[in-house]
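Chemist: Chain by chain, the residues:
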Amino acid sequence: MIPAIVVFTYLIIVLYIGIFAFRRSTHREEAEDYFLAGRSLGPYVFLFSLFGTNMTAFAILGSSGHAFNNGIVTFGLMASSSALIIPLSLFFIGTRIWALGKRYGFITPVQMFRDRWECSHIGTVVFVVQAAFLIPYIIIGVMGGGTALSAVSGGRVPYWIGGAVVAMVAMSYVFLGGMRGTAWVNTFQTVLFLCFGAIALVVIGVGMGGFSQSAEALLGSPATAPLLSRERVSPLFFFSYTFIPLSSIAFPHITIFCLTARKMNQFKKTVILYPFCMLALWMPCVFLGVMANRMNDVPQIQQKLEARRQLAVEGPSLMPDDRDQLREKMIADDVLLLLLERYAPIWLAGLLGAGIMAAVMASDSQILALSTMFTEDVFAFYGGKKRFGEAAQVHTGRLFIIIITIVAYAVALRVPQNIFDLAVQYAFSGYAALSPLLVAALFWKRSTKWGALASTVWAAVSVSAVAVFQYLVPAPAPGPPVVAWSIGGIEVLSRTAGGTAVFGLMPVVPMTIISAVLLVVVSMLTSQPSEATIGRYFSGPARAMRHETQKRTGP
Amino acid sequence: MKRALLLILVGVLYVLHQDVWFWRAARPLVFGFIPIGLFYHACYTVVIALVMWLLVSLAWPSELEERVGDEATGRDGPSRALPVAPERGGES
Numbered sequence: 001m002i003p004a005i006v007v008f009t010y011l012i013i014v015l016y017i018g019i020f021a022f023r024r025s026t027h028r029e030e031a032e033d034y035f036l037a038g039r040s041l042g043p044y045v046f047l048f049s050l051f052g053t054n055m056t057a058f059a060i061l062g063s064s065g066h067a068f069n070n071g072i073v074t075f076g077l078m079a080s081s082s083a084l085i086i087p088l089s090l091f092f093i094g095t096r097i098w099a100l101g102k103r104y105g106f107i108t109p110v111q112m113f114r115d116r117w118e119c120s121h122i123g124t125v126v127f128v129v130q131a132a133f134l135i136p137y138i139i140i141g142v143m144g145g146g147t148a149l150s151a152v153s154g155g156r157v158p159y160w161i162g163g164a165v166v167a168m169v170a171m172s173y174v175f176l177g178g179m180r181g182t183a184w185v186n187t188f189q190t191v192l193f194l195c196f197g198a199i200a201l202v203v204i205g206v207g208m209g210g211f212s213q214s215a216e217a218l219l220g221s222p223a224t225a226p227l228l229s230r231e232r233v234s235p236l237f238f239f240s241y242t243f244i245p246l247s248s249i250a251f252p253h254i255t256i257f258c259l260t261a262r263k264m265n266q267f268k269k270t271v272i273l274y275p276f277c278m279l280a281l282w283m284p285c286v287f288l289g290v291m292a293n294r295m296n297d298v299p300q301i302q303q304k305l306e307a308r309r310q311l312a313v314e315g316p317s318l319m320p321d322d323r324d325q326l327r328e329k330m331i332a333d334d335v336l337l338l339l340l341e342r343y344a345p346i347w348l349a350g351l352l353g354a355g356i357m358a359a360v361m362a363s364d365s366q367i368l369a370l371s372t373m374f375t376e377d378v379f380a381f382y383g384g385k386k387r388f389g390e391a392a393q394v395h396t397g398r399l400f401i402i403i404i405t406i407v408a409y410a411v412a413l414r415v416p417q418n419i420f421d422l423a424v425q426y427a428f429s430g431y432a433a434l435s436p437l438l439v440a441a442l443f444w445k446r447s448t449k450w451g452a453l454a455s456t457v458w459a460a461v462s463v464s465a466v467a468v469f470q471y472l473v474p475a476p477a478p479g480p481p482v483v484a485w486s487i488g489g490i491e492v493l494s495r496t497a498g499g500t501a502v503f504g505l506m507p508v509v510p511m512t513i514i515s516a517v518l519l520v521v522v523s524m525l526t527s528q529p530s531e532a533t534i535g536r537y538f539s540g541p542a543r544a545m546r547h548e549t550q551k552r553t554g555p
Numbered sequence: 001m002k003r004a005l006l007l008i009l010v011g012v013l014y015v016l017h018q019d020v021w022f023w024r025a026a027r028p029l030v031f032g033f034i035p036i037g038l039f040y041h042a043c044y045t046v047v048i049a050l051v052m053w054l055l056v057s058l059a060w061p062s063e064l065e066e067r068v069g070d071e072a073t074g075r076d077g078p079s080r081a082l083p084v085a086p087e088r089g090g091e092s
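Those protein sequence lines, which keep their order, are chains A and B. So for the first sequence, the working numbering puts the first residue at 1; every next one is plus one. So for the second sequence, the working numbering puts the first residue at 1; every next one is plus one.
Chain B extracted, bound-state conformation (with noise of 0.2 Å):
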């Protein structure tokens, strides 16, 4: 439910990347020199960060972190298990 919740914020999210009701509009302008849009654009990037925040706060994916394990420190982790070598792979 919560990672449901999530993916409608971040889907609302991307709707709002389209902000037509600033489309043509310059004025106001904020601090007396930002156009409207640009200062719209400039505080959704950081509502993007907040909405960032609740997501690795939230939805983190640490299933991902547990199935690597301890025994994966770079060197002394699991040996490569790189792919088929092309003489075993067949024809593709």
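Next comes chain A alone, as it looks inside the complex (with noise of 0.2 Å):
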């Protein structure tokens, strides 16, 4: 009962930091206000706020999982490359998306995007991929509220009650905090559970009496030494994996988040620190998650230790059900609470169940980036502001932020887990071929709308056909893929058992090398924005100034 009374307090403490935000706030009624923070978040919150943004329950409960059925290759795949990638794109794409909001007064992405080229309803095409890619991961959060609610609990708390809470606490701050409690409170929890990582491998390190003997037991099983190498990977398919964090400015939250610094000085410190935090949150999980395989006296490993053996072994004679089935078994993303409730103390297991759920309340600023991206792209862009002013616009987003939560709530109960687990792995892919998109509006003068449009209609179709080839083609057990388009001995398109794979690769470089492609092939072939826009845009620093200047005053 301790956890679930810590996890109650972290999740009171929560609430009150939204209400703290609503007071300080006193633009209330102001769309930029809310929205964005008033573009004045200082350099930490802004390097926590961000970082905390982009780590999902994924990046603890899931790491440590993924870790535990694949090895250390866990950190090479998501967090070395995601180390390097992210704050690439910030230096290079986030910074220019914030000087163009602080110029233009940008709230959101397809904002810049109709503005860049010219176009309205291509605009809203934008929006609604967007959003469709979006929805998934707010109905994901739900449900990681709900099941770790319940898991810290001993089961005390059902998963409806602990998926109703967890919507309650992140619908009720984002609804009174805006940009600024959303923010505030990701900092609050990106500190909670990089703490988290430190303290678990200390305090599950002390009970296992080090780990150097657990390693090298490790690899003196053939069953568990591939565990601690790469072998079991193909380097193309580690390759592949290097385009997934393009993803990450893409995604409507991040580019958001990029407008609410105060300067763009504050991108300098989440640049340069980024990575520091992806090492100190990312080791530790994925360390834990692969020593958990020695945990082989504990029932629940036990289980997942043997379905995995059992799908290597009789994995190719069972049916697609009785694959899928053992392979449910081995979903592991609990072994972190696992080894807690055996190595760590009570009153601890609490503080660290609630820094669980502080990773797992992640999808806050996705709420908020939706409700941002209606109210700006759809109601004041189709005439609400205009209409009925700016404080309607804002009560519409804290609306929209009550039906977008009780929907996933509703989703949540109603829908198996695994169809978004497979929504939100390919909407990650998804997004990542959505990047040119920034790409070229930021950085090539010849881009045209119709080429944007394009690459937006084949993110869509790619990321459905990818659903449905993976729906209608059931995953082989471990070992050779099943080929479902080869040409002359060239398997082009084979359906693998973690997934897709197109010439060897992850769908995600067929999907982002297309899209660019399509950028480019459609821009040459259609006319481009007017000069006085591209001149807005690509204009050197002086040229820019006297434009601006000559805007306000007159000719």
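In case anyone wonders, no lab produced these hints; they're calculated from the structure. Computed from a predicted model, the values in this text were never measured in an experiment. Glycine is no exception: its CB is placed at the ideal position from the N, C-alpha and C atoms. Take these hints with a grain of salt, some might be off.
Residues from chain A that keep clear of chain B, each with C-beta distances beyond 12 Å, as calculated [stated by the list, open to error]:
(1) Thr-9
(2) Ala-79
(3) Phe-92
(4) Gly-210
(5) Leu-236
(6) Pro-275
(7) Phe-276
(8) Val-290
(9) Asp-324
(10) Pro-345
(11) Ile-402
(12) Phe-469
(13) Val-473
(14) Leu-493
(15) Ile-514
(16) Glu-531
Simulated restraints, written as ranges between beta carbons of each label pair [to be verified]:
(17) A/Gly-389 / B/Met-1: 47 to 55 Å
(18) A/Ile-513 / B/Pro-61: 20 to 28 Å
(19) A/Trp-160 / B/Ala-4: 56 to 64 Å
Straight-line Cα separation of at most 20 Å, EDC-like style, residue types lysine to aspartate or glutamate; simulated pairs [what the hints assert, rightly or not]:
(20) A/Lys-269 / B/Glu-65
(21) A/Lys-329 / A/Glu-306
(22) B/Lys-2 / B/Glu-63
(23) A/Lys-445 / A/Glu-531
(24) A/Lys-445 / B/Glu-63
(25) A/Lys-263 / B/Glu-63
(26) A/Lys-263 / B/Glu-66
(27) A/Lys-329 / A/Asp-297
(28) A/Lys-263 / B/Glu-65
(29) A/Lys-329 / A/Glu-314
(30) A/Lys-386 / A/Glu-30
(31) A/Lys-445 / A/Glu-118
(32) A/Lys-385 / A/Glu-30
(33) A/Lys-269 / B/Glu-63
Since each chain sits alone in its own frame, please combine them into the complex, following the hints.
Modeler: What follows is the structure, encoded as structure tokens:
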């Protein structure tokens, strides 16, 4: 019961931060204040909040679960590649988005696209695709909250109540505090789960009597030795994964977050320190996930190990449904909780449970981003703001937050989680395929709205195609893939145990490359925006300043 | 020249992520328990931070901030020049 009390205390603190942010806001009825915290975030809130926004429940629970089944490769696949690509995208793209936001007052990426490419309904198409990719995240967040609260309370709080409590708390502080409340809560949460990683490593390490013995024992068994190297993963698959973090800057909640910094200098600390944050959070989670393979005296872990063994040995002869059942049993997102239950004192398990809740509740930013996009890109753009005023726009945003949370909760209660796991998995690829839009808008004068439309439609179609393919062709057992299409002996399209492969690469690679090619080709075939618009985006500092001054004072 | 060198450095860093040389090796166990492949990527992450520090120190795009100028200080900044409304934006 103690862990549940600690977690509920944590939820109350988080709620209070939202109320405090609401009270601190002096321009509550202004859209820029509510949706962007008045573009006023300082360097550390910017860093921790951005990091916290990027780290969903997967960072703690999923990373250790993935490492439990796949080994140390998890860190190279997801952590070190993100540690490189995300700061680079903030450096090259984030700073430019910030500067344009300051100059032209953008609040969402679609506003920038509409202005940059002189389009309106194409912007609406981009909004629809971005929103469709974002919704599964919000639902997954509610599901994660329900599962985590139920697990931390030892089953005393049922899943449906846990999900409702977490959804209510997240909705309340987003509703009240807007971006300011969300950023402060994210900062608090990030500090908590960064501490969580270090404390968990020390406590479990001491409990296990050091890690050397466990590492040697894992290496001594043929079943677990490959977990300490990357021999089970192909270099092509590993390379493919470096495309996934391109999605980060294309996520609307991250693009919007880039607009909240008070000064551009605030990106500096984030760019430099982001890799350290990745290291501090992911290293303990991945390492402990691998080490959990040694806990074969814990019944739940024993079941997972047995399912893995059975799938490897009998998999090819089993029916697809039986294989799926074994995969369900192998899901190891709870290994960190099991390790803590075993080795941490009960009060500490409560604190660490709060850290896990912090990671699980990262869906707040997505809820706010969706509300921001709806009110700016649809409500305001189609005349709502002009007709009803800015205060009505903010009220609409708040109402939208309530509606989206209720819908997400209702769906979370009725639909199996694995459907959304799949959607989230491919949303990353979808957003990576949308990243050429940002690059073209910011760096390529010749890009056009039609090129942007082609790229966006391709992202939506290719994500749907992969999802349909995976639905129609069941995943094989670990080992050789099922080849669906080959030319001259070269495997073009295959169904692998973990997903889909195109020429041996993850689908994200062709999706992103084709998206970029389409954008270039279609742009070259269509007419570019007016010189005046291009001038506003690509002129030098002096000319741009002159242009701005002329615009305000008249010719 | 400086920026070109930094871009090359970033390119090299991207290539170094693909550490095929430790692909099948688990030993040596650094400090007795960290597999060499994992230790490499931990060190690699620290090196990324150093390269980012170099980028920020030597190639910071301060011209972007100059463009924004003193006038863009949030609420008192330029009026919002938001995109065309649909009725003015034509068919797309």
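Chemist: All hints are to be evaluated individually against the structure, with a verdict given for each.
Modeler: Structure-based check of each hint:
1. Thr-9: 34 Å, holds
2. Ala-79: 7 Å, violated
3. Phe-92: 8 Å, violated
4. Gly-210: Since the minimum Cβ distance to chain B is about 7 Å, A/Gly-210 lies within 12 Å and the statement is violated.
5. Leu-236: Given a closest Cβ separation of 10 Å, the condition is violated.
6. Pro-275: 4 Å, violated
7. Phe-276: Violated, since 6 Å does not exceed 12 Å.
8. Val-290: 8 Å, violated
9. Asp-324: At about 30 Å from chain B, A/Asp-324 clears the 12 Å cut-off, so the statement holds.
10. Pro-345: 23 Å, holds
11. Ile-402: 26 Å, holds
12. Phe-469: Non-interface label on A/Phe-469 holds, nearest chain B Cβ at 27 Å vs cutoff 12 Å.
13. Val-473: Holds, since 29 Å exceeds 12 Å.
14. Leu-493: 24 Å, holds
15. Ile-514: 21 Å, holds
16. Glu-531: Label holds. Min Cβ-Cβ 16 Å, cutoff 12 Å.
17. A/Gly-389 / B/Met-1: 47 to 55 Å: Holds, at about 54 Å.
18. A/Ile-513 / B/Pro-61: 20 to 28 Å: 27 Å Cβ-Cβ, so the 20 to 28 Å window holds.
19. A/Trp-160 / B/Ala-4: 56 to 64 Å: About 58 Å separates the Cβ atoms of A/Trp-160 and B/Ala-4, which means 56 to 64 Å holds.
20. A/Lys-269 / B/Glu-65: 16 Å, holds
21. A/Lys-329 / A/Glu-306: 9 Å, holds
22. B/Lys-2 / B/Glu-63: 16 Å, holds
23. A/Lys-445 / A/Glu-531: 10 Å, holds
24. A/Lys-445 / B/Glu-63: 18 Å, holds
25. A/Lys-263 / B/Glu-63: Cα-Cα ~13 Å, so holds.
26. A/Lys-263 / B/Glu-66: 11 Å, holds
27. A/Lys-329 / A/Asp-297: 17 Å, holds
28. A/Lys-263 / B/Glu-65: Roughly 8 Å separates the two Cα atoms, so the pair holds.
29. A/Lys-329 / A/Glu-314: 15 Å, holds
30. A/Lys-386 / A/Glu-30: 14 Å, holds
31. A/Lys-445 / A/Glu-118: 13 Å, holds
32. A/Lys-385 / A/Glu-30: Holds, at roughly 11 Å.
33. A/Lys-269 / B/Glu-63: Status holds; Cα separation ~18 Å.
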